[in-house]
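Each chain is listed here by its residues.
Protein chains: 2
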Amino acid sequence: MRAEASKTAAILVIGDEILSGRTQDSNSHYIARFLASLGIDLKETRVVADVEDEIVAGLNALRARYDMVFTTGGIGPTHDDITADAVAKAFGVEIGYHPEVYALLEARYKPGEFNDMRKRMARIPHGAALIKNSISTAPGFHLGNVYVMAGVPMVMRAMLEALAPELPRGIVVTSVTLSAEIPEGTIAPGLLDIQNANPDVAIGSYPFYSEKGPGAQLVTRGRDGAAVERAAQAIEALVEQFGVTPTRV
Amino acid sequence: MRAEASKTAAILVIGDEILSGRTQDSNSHYIARFLASLGIDLKETRVVADVEDEIVAGLNALRARYDMVFTTGGIGPTHDDITADAVAKAFGVEIGYHPEVYALLEARYKPGEFNDMRKRMARIPHGAALIKNSISTAPGFHLGNVYVMAGVPMVMRAMLEALAPELPRGIVVTSVTLSAEIPEGTIAPGLLDIQNANPDVAIGSYPFYSEKGPGAQLVTRGRDGAAVERAAQAIEALVEQFGVTPTRV
Numbered sequence: 002m003r004a005e006a007s008k009t010a011a012i013l014v015i016g017d018e019i020l021s022g023r024t025q026d027s028n029s030h031y032i033a034r035f036l037a038s039l040g041i042d043l044k045e046t047r048v049v050a051d052v053e054d055e056i057v058a059g060l061n062a063l064r065a066r067y068d069m070v071f072t073t074g075g076i077g078p079t080h081d082d083i084t085a086d087a088v089a090k091a092f093g094v095e096i097g098y099h100p101e102v103y104a105l106l107e108a109r110y111k112p113g114e115f116n117d118m119r120k121r122m123a124r125i126p127h128g129a130a131l132i133k134n135s136i137s138t139a140p141g142f143h144l145g146n147v148y149v150m151a152g153v154p155m156v157m158r159a160m161l162e163a164l165a166p167e168l169p170r171g172i173v174v175t176s177v178t179l180s181a182e183i184p185e186g187t188i189a190p191g192l193l194d195i196q197n198a199n200p201d202v203a204i205g206s207y208p209f210y211s212e213k214g215p216g217a218q219l220v221t222r223g224r225d226g227a228a229v230e231r232a233a234q235a236i237e238a239l240v241e242q243f244g245v246t247p248t249r250v
Numbered sequence: 002m003r004a005e006a007s008k009t010a011a012i013l014v015i016g017d018e019i020l021s022g023r024t025q026d027s028n029s030h031y032i033a034r035f036l037a038s039l040g041i042d043l044k045e046t047r048v049v050a051d052v053e054d055e056i057v058a059g060l061n062a063l064r065a066r067y068d069m070v071f072t073t074g075g076i077g078p079t080h081d082d083i084t085a086d087a088v089a090k091a092f093g094v095e096i097g098y099h100p101e102v103y104a105l106l107e108a109r110y111k112p113g114e115f116n117d118m119r120k121r122m123a124r125i126p127h128g129a130a131l132i133k134n135s136i137s138t139a140p141g142f143h144l145g146n147v148y149v150m151a152g153v154p155m156v157m158r159a160m161l162e163a164l165a166p167e168l169p170r171g172i173v174v175t176s177v178t179l180s181a182e183i184p185e186g187t188i189a190p191g192l193l194d195i196q197n198a199n200p201d202v203a204i205g206s207y208p209f210y211s212e213k214g215p216g217a218q219l220v221t222r223g224r225d226g227a228a229v230e231r232a233a234q235a236i237e238a239l240v241e242q243f244g245v246t247p248t249r250v
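Protein chains in written order, with our numbering: chain A, 2 to 250; chain B, 2 to 250.
Everything labelled a hint here was simulated from the structure, so no lab data went into it. Check the hints yourself; a few may be wrong.
Since the list gives no way to pick out one identical chain from another, each pair is judged satisfied if it fits inside one copy or across any two copies.
Said to hold, decoys possible - Straight line, CA to CA, 30 Å or less: simulated DSSO-like cross-link-like pairs of lysine-lysine:
#, residue 1, residue 2
1, Lys213, Lys133
2, Lys90, Lys44
3, Lys120, Lys133
4, Lys120, Lys213
5, Lys213, Lys111
With the rest of the complex left out, here is chain A (with noise of 0.2 Å):
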């Protein structure tokens, strides 16, 4: 059984706040995990800042590459939130109110608290898409190959289920996991012949410390449940050659 061509993905993380220190990402976590639960093969991240051009540049870069890309953050109602417009302006598309999302928002506000940049939330590329948004009101949206998520966590995933149904799935990829305590360089030789006899598969070596001593990790990744149970076999025997027993984790 091959594997047809699997479908590309990047993110593309707008955040000064990411960049400072002072927040740790965890969507970018979250999403590739989601994706690899499609059978999606996520190829590149990019974390920018809060800076239109910046915005611009990835975008630009990464849909051109990847059949789709991922966004987080910026979609909010205050000055800094600039994503919206970046998108308009990287796909060459005027931007304006949608009168959906602007109703939406509208009925969700009391009298008077529907402000300027509130509004600034209605403002969706024209032909884009909306992702509901279960949490907060405020949809994200698709733009051709670009899809436009929140940042804050909890909004962003609520974002990533709405429009799971309409993503492409691909054949999921496998993956068997070793752990031995053995240096991953006395076994290096051997998991270069075991990658180079099977090359449909991806053979990662992942060194950890403990206080049992050196020892690594050996995941061994593809579409063909079949190769990559060989090649773990094939690291088992090799591991074992040095008389330690690998654990599957």
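Fit chain B to the known structure of chain A by using the hints.
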């Protein structure tokens, strides 16, 4: 007091394991905080796969644009560790065994253990200086404005510590964070006015939801501490106009 032009930096994380969702990257957050403590402005972070062309392209884009580039990952002994070769290719320089590193590693291993794959860790691009690894011997290196570090967090941190003395220092950014139990949209018009009146600071608004309802962290950042304080006090006064008392966090 005006800050001199501050130094800029980017991070290039090399790691299939991050993109697959297997591992959550913690290195870039650590480096972001470290750079902030030195007064260096982190402008961009990218995560790319363990693919030579991707690493070369990312390196060349970032090193041309920023004063410094910090990479993590891909300098171990296994077949998937290809960062040193990619750096040599990006700079168009030769790569080969570095006599000092070769001797260091040879001395570390017992006879017969210093196999061909471990010898790969002695391959350093010509012209690079070493970055000491106090944890597991095999050093990182820097070439031009690129600093190449390990991916294992404990090792990466030790390398960052080792190279700290040689990094430039700038004026550290001061920040004041106010936490307020108020929807950010309510104060967004006033925040815009304060941002416009205080162009030397950057004001960010980060909404959150608690059991008390919506709130926002209002962050003022800048290199002129007095300007930061003036803007923060203006934000405090703004929030208080709505009958809410913000707290400094």
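Verification of the hints:
Within a single copy, lysine 213 and lysine 133 get their C-alpha atoms only as close as 50 Å, which misses the 30 Å cut-off; across copies the closest is 24 Å, which meets it. Taking CA atoms no more than 30 Å apart as the test, lysine 90 paired with lysine 44 passes in both settings, with 24 Å inside one copy and 21 Å between copies. In the homo-oligomer, the alpha carbons of lysine 120 and lysine 133 lie at most 30 Å apart inside one protomer (17 Å), although the nearest pairing across protomers, at 54 Å, exceeds that limit. Only between protomers do lysine 120 and lysine 213 lie at most 30 Å apart by alpha-carbon distance; the minimum there is 24 Å, versus 59 Å within a single protomer.
For the homomeric pair lysine 213 and lysine 111, the shortest alpha-carbon distance between copies (19 Å) is at most 30 Å, but the shortest distance inside one copy (62 Å) is not.
Of the hints listed earlier, there is not a single one the structure fails to meet.
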